[in-house]
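Undergrad: Based on the hints, put chain B in the right spot on chain A.
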Amino acid sequence: MTVADPSALQPGLQPRGWLRYFSFSLDHKVIGLQYLVCGFFFYLVGGALAGVIRTELVSPIADFVSRDTYNEVLTLHGTVMIFLWIVPVVNGAFGNYLIPFYVGARDMAFPRLNAVAFWMIPPAGLLLISSYLLAGAAAQSGWTAYPPLSLTTPAAGQVVWILSVLLLGGSSIFGAVNFIATVLKLRRPGLKMMQLPMYCWAMLGTSLLVVLSTPVLAGVLILLSFDIIAHTGFFNPALGGNVVVYQHLFWFYSHPAVYIMVLPAFGLVSEILPVHARKPLFGYTTMVYSIMGIVFLGLIVWAHHMFTSGTPPWMRLFFTIATSFIAVPTGIKFFNWLATLWGGKIALNSAMLFSCGFILNFVFGGITGITLAQVPFDIHVHDTYYVVGHFHYIVYGGTVFVIFAALYHWYPKFTGRLLNEDLGRLHFLLTFIGFNLCFLPQHWLGLNGMPRRVAEYDPAFTTLNQLSSVGALIMAISTLPLLLNVVVTALRGQSAGDNPWNALTPEWLTSSPPPVENWHGEAPLVTEPYGYGHTPAESGR
Amino acid sequence: MQIRTAITAALATTALVGTGLLVGSQVSLLPVAASTNAPPYDSLFRVLFSIGTILFLGILIVLAYSLIRFRRRPGELAEGLPIEGNLPLEIVWTAIPAVVILFVGIYSYDIYDRMGGMASLDHGAMQHQAMDHGSMNPTQMDPTQLADGIEASAERIWGGIGSTQAYVDQTGDGSEASAAVPPLPVEVTAMQFAFIFHYPDNDITSGELHVPLGQPVQLRMQARDVIHAFWVPEFRLKQDVIPGQPTVLSLTATRAGTYPVICAELCGPYHGGMRTSVVVHEPDDYLAWVTQNTPATTA
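Residue numbers (numbering that gives the first Met the number 0), protein chains in the order written: chain A, 0 to 540; chain B, 0 to 298.
One chain only, chain A, in its complex shape:
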């Protein structure tokens, strides 16, 4: 297949300069940054919602917001963070920016579909948030929207919620189709699959999960909307419906969704570590197989979210074992990353700090994940703050830390300027301390009797909740050095040159920021994206 012709993609009507970021641009780099900035906006929105939750929980009584509002806030917080921040950024932003470089193409396989996928997100997000303004009618049944609760809470907000999640799921599917086609079909002649940077494999695996599981979520939400609007009885026990069926279908998407959020992060870390440790990525082949292992296992573990829902014993046993075994391919990745660092020449800059923070946080979240996979263990802590702590260690301590690492690593590529290292280290320190202070105590709270999604709690838990809220405050403050850094650097940052890290992956083998057609001439053939460890004279580079 021929590489897309850039002149056909840029018909001259595309705006230039900053305006293009507000246009229906077909340039994958513009779309990637659109995803990134849009996602970051929603991160701030979701963070503000988290602030409301942690403020409410400073005292054991429900006194900050009304109980209805509290449930709206926790529903919106989960939905915004998952569907508007993490999934779009870790897939859409970095995927769109990097994948065409990695395969040696000038754009994605379907540039127009790509733009459509992005432009579904801002309206869906604004729709979701605006539902709060419908006079207290936003969805309030949690991001899981379990019936019959979701059938009895205010209908307008729930329907708006379903509509926006359907739009966001659709955007995600369009993106995934594009990634699969690009990785499989747009590779530069001579470039083999096993020579691709690891992020390509991560995105291939993630996109397979999206394509296989997201339609199931769409289906179940459409049935739920029928129950709400047309009073059908799919999930309404009063009409003979079955609520456990909803849970099965919902988690058939929503557990793989965890891997949709962490696999791309695994890919990004695999790009960042070798560059700053000056060593080849350890165990490339096993890394590829472990991604595919996680994809396969990720599809057959969903019922571990339902251990207390009256699932039959054989099902509990099967899902315990399947879930536990995900630890094996995941463990392989972590051991390989540690082996990548071992014997390197490690530059402990902001990108590296966030990557190492990711390793520690994710290992911790992975260990609590193994405990949760055990049915007898889970029965006590299911739906408690132990689970809240666990999954924030995975999605925030894991994925969001990687997003920040990736920002410090690729910001010079996006803009041609280096982010300030001092501000970056301050950002890391505040984020790491705030994050652990916020979420570590929650494990104890869960073990000792604090359920999740409550606005009021046993006064015995006050101190630890206040500690957690202080952590949340530090996390909120930690965004300030980041914002300051991005703004100051954009105005008068240190010029980065084309390749400030002396990296070998293809996106660095062009100017920073890159030209519209990605390379001034032919795309380079990079068969050893991790060929570090040779002195320049030795390797002839």
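Just so you know, these hints were derived from the structure itself, not from any lab.
Each hint should be verified, as a subset may be incorrect.
Claimed, not checked - Chain A is faced by these chain B residues, among others (derived, beta-carbon under 8 Å): (1) V31; (2) V61; (3) L62; (4) L66; (5) P81; (6) L88; (7) Y111; (8) F196; (9) D224; (10) L236; (11) Q238; (12) Q244; (13) P259; (14) G267.
For clarity, every value in this text was computed on a predicted model and none was experimentally measured.
Even for Gly, the Cβ is constructed at its ideal location relative to N, Cα and C.
TA: Leaving out everything else, chain B in the frame of chain A:
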């Protein structure tokens, strides 16, 4: 040099495993244990905590050591070692976690079995006659008897841990009783935003759950509106109560006292306030409570 490295590694591993086991055996992060379910749960917790500590500390130490030992000095331009992989190493760190996971899986299966979770479950119209008398001990469960179900109502029965008893009228049934005391049936209705406990034997209705120490209790749970979950942290027990699916949960309290009963599934605005207490009485106190609360008409 090789031998010294090997000895250091062996010593470090031993120290790490020792620390993990020590921490795991000493740690107490759980509330008091007040049911037959809790001791096996707590031993599982200690095992998982030991393994987790070993793993986390090990990775933390390797990471910290690498960052210090292999840091790039100012002005240094050299590259790391050009090592791209090592198959034996990959096999080792695939096999060891797989073995650990397998061990954890088998061990937690055993714990689950001891809690009574693997006993056959009523599914469909078939229901089992009460054979078991509420103990979580598998030695008292006779699989052939359990399989010998009888036709009862067409309602589907779902079960949580220890749900081997039938949700049919089987109170008394003294002729079958070969061991222990018969389970005490309690009907639990979960609704927005309260639990209602009804004792069919004495026609007592209560907002609090009162149970005698040491006697098996059989909770027959139903939800009136949305999904709720019955959770007593001190019992290490939780079961969703799902509308349209009557559910049975069995437990035996082992420690007198008052413990919280908490709704653990988001059920609406007052979800956080949906809590009550379970009072575990000494047998005599329980009888007194029953006598005090039994309605005059049936007394």
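Undergrad: Does each hint fit the structure? Answer for all of them.
TA: Hint check results:
no.	hint	result
1	V31	violated, 10 Å
2	V61	holds, 5 Å
3	L62	holds, 6 Å
4	L66	holds, 6 Å
5	P81	holds, 3 Å
6	L88	holds, 7 Å
7	Y111	holds, 4 Å
8	F196	violated, 19 Å
9	D224	holds, 7 Å
10	L236	holds, 7 Å
11	Q238	holds, 6 Å
12	Q244	holds, 6 Å
13	P259	holds, 6 Å
14	G267	holds, 7 Å
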